[in-house]
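S.K.: Letter by letter, the chains look like this.
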Amino acid sequence: MSSTGYIVAAWLVTFGVTAGYSLWVVLRGRRLSQEVPPEQRRWMTAGSRGRE
Amino acid sequence: MTTTATTSDAVTSAPTSTGSTATRVLGAASLVGIALLVVFGVFVSPPDKELGETIRILYMHVPTVSVAYLAFVVTAVGSAMYLWKRTEFWDLLAASSAEIGVVFFGLTILNGMLWGKITWGVFWRWEPRLTTTAVLFLTYIGYLAVRAVPASPRTRGTRSAVVGLLAVVNIPIVHKAVDWWRGLHQERTIFGTLKPEIQGTQAFAAYLGLMVFLLLFAWLLIHRFRVAFLAERAAESGLEGAIAERRQEAGQ
Amino acid sequence: MSDTPLGGPGPLDDPESSDAETPDHFDLTPRTAAAPSARAAGSGRKWLALGGVGVVVVALGLVLFNGLQSASTFFYNVDEAVAQQPDLGDSRIRMQGNVVPGSVRSTSDGVDFVIKYKGAQVPVRHVGDPPELFGPKIPVVLEGAFSADGEQFRSDEILIRHDATYDEENKDRVREADQDAQQRASG
Chain Y
1 MSSTGYIVAA
11 WLVTFGVTAG
21 YSLWVVLRGR
31 RLSQEVPPEQ
41 RRWMTAGSRG
51 RE
Chain Z
1 MTTTATTSDA
11 VTSAPTSTGS
21 TATRVLGAAS
31 LVGIALLVVF
41 GVFVSPPDKE
51 LGETIRILYM
61 HVPTVSVAYL
71 AFVVTAVGSA
81 MYLWKRTEFW
91 DLLAASSAEI
101 GVVFFGLTIL
111 NGMLWGKITW
121 GVFWRWEPRL
131 TTTAVLFLTY
141 IGYLAVRAVP
151 ASPRTRGTRS
161 AVVGLLAVVN
171 IPIVHKAVDW
181 WRGLHQERTI
191 FGTLKPEIQG
201 TQAFAAYLGL
211 MVFLLLFAWL
221 LIHRFRVAFL
231 AERAAESGLE
241 GAIAERRQEA
251 GQ
Chain X
1 MSDTPLGGPG
11 PLDDPESSDA
21 ETPDHFDLTP
31 RTAAAPSARA
41 AGSGRKWLAL
51 GGVGVVVVAL
61 GLVLFNGLQS
71 ASTFFYNVDE
81 AVAQQPDLGD
91 SRIRMQGNVV
101 PGSVRSTSDG
111 VDFVIKYKGA
121 QVPVRHVGDP
131 PELFGPKIPV
141 VLEGAFSADG
151 EQFRSDEILI
161 RHDATYDEEN
171 KDRVREADQD
181 AQQRASG
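Residue numbers (our numbering), protein chains in the order written: chain Y, 1 to 52; chain Z, 1 to 252; chain X, 1 to 187.
None of these hints come from the bench; they were simulated from the model. Where a beta carbon is used, it is the ideal one built from N, C-alpha and C, also for glycine. Treat the hints with care, as some may be off.
[As the list claims (entries may be wrong)] Cβ-to-Cβ under 10 Å is the rule here; a few derived chain Z residues that face chain X: (1) V122; (2) L130; (3) T139.
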């Protein structure tokens, strides 16, 4: 039945893209962490970091 | 700066990723939820008497669109708060949420097209719900494009906050499009007519789907916000590095 | 520059005050090649990003134009289409109605049937395969045009429409479909 293919595709696409995007975000976080001084790696207190 | 107080702690336990206890708990819960959703959504729940097996696509379609709307609302709140408070937090929160929203909304469109192919017979028609959906999707891609234009953080933040506030107006239009104009798309299913008829394991799968994608959204938002924060710090140190380089050249 | 790294090189913490220490001709022109980060990037990235914004704006314009053209009147109901047929002529439109039970006949290149809505009926000649769910009483949207004499609608695409009436009529559908299949087989 052809509709089964579309249903399976919908699930695979949804979770596949979500997984791919998640991986991209996490790996980007790891890479950027190496570039940033340790004391600047986390946002700490709201409002204290007003920009210029 | 108030951050100085925490400096020594931060150095001793400097994070090497955007993970933390919170994200690990959310991530584990999401994975368990996804496993349950596959079991209930694909295998346990019966086919619908009207929609047949295609209801299984709606277990993806409705949660992804709900979470995308939520993400865009978070972007709007972040944008408004940025224009008021002018703090980096709100700007980065708005941007992070918008990107996640675009991903989930893109998925909504994709699995909706697959559903349309089975039920209507076509992937796409320029009917009211789909047309307004395309407008909404493009508007938030535009938001991300505006953010990608190099500018000072304040200029970039102001520009994108304005777009973020204008864009959210699209959501009620998309939501009401099925009531205002005639089209192919069925009546509102979220906060609409279909929900009360859903029962038993179908209802369980539907609500489970919503929970799973909410967990995923929370997990992604924390990670994405931290990435955005790191990217700002990296951009600053990069800029400082470049200035230092020029000074050296000039002063040699 | 309130967020400069703690313990970073002293003079760099405040570029304005350190200007005095730098020579007069301190090169400020942007350089694309060695751009270490997004914010310090040169004009290449800027034009790419502006191009992206431009593409999105054009796409939005096209979608709005496209959408306003077809979405405002996505379809006519059969009774409206019949009433406006003299004006519509043989221009391409979409028409919505329910398939009349017992009217479906297979032809060599498609299917003939009658479509009905609010008392108005139009015979339809469809060229092409009807979709899987096609059958009597199902609300459909047809894409096509009236014949020159306005007596018949010639469609080349059948879209199945799910709406509230579908649910109510659902109970009878299997029986109707059986009847129809028998008629088709005998006719």
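S.K.: For every hint, state whether the structure bears it out.
M.R.: Hint by hint, here is what the structure shows:
The beta carbon of V122 (chain Z) comes within 6 Å of a beta carbon in chain X, closer than 10 Å, and the hint placing it at the interface holds. This hint holds: L130 (chain Z) has a C-beta 8 Å from the nearest C-beta of chain X, less than the 10 Å allowed. Restraint check, T139 (chain Z) versus chain X: the minimum CB separation of about 7 Å is within 10 Å; hint holds.
When held up to the earlier numbered hints, the structure conflicts with none and fits them all.
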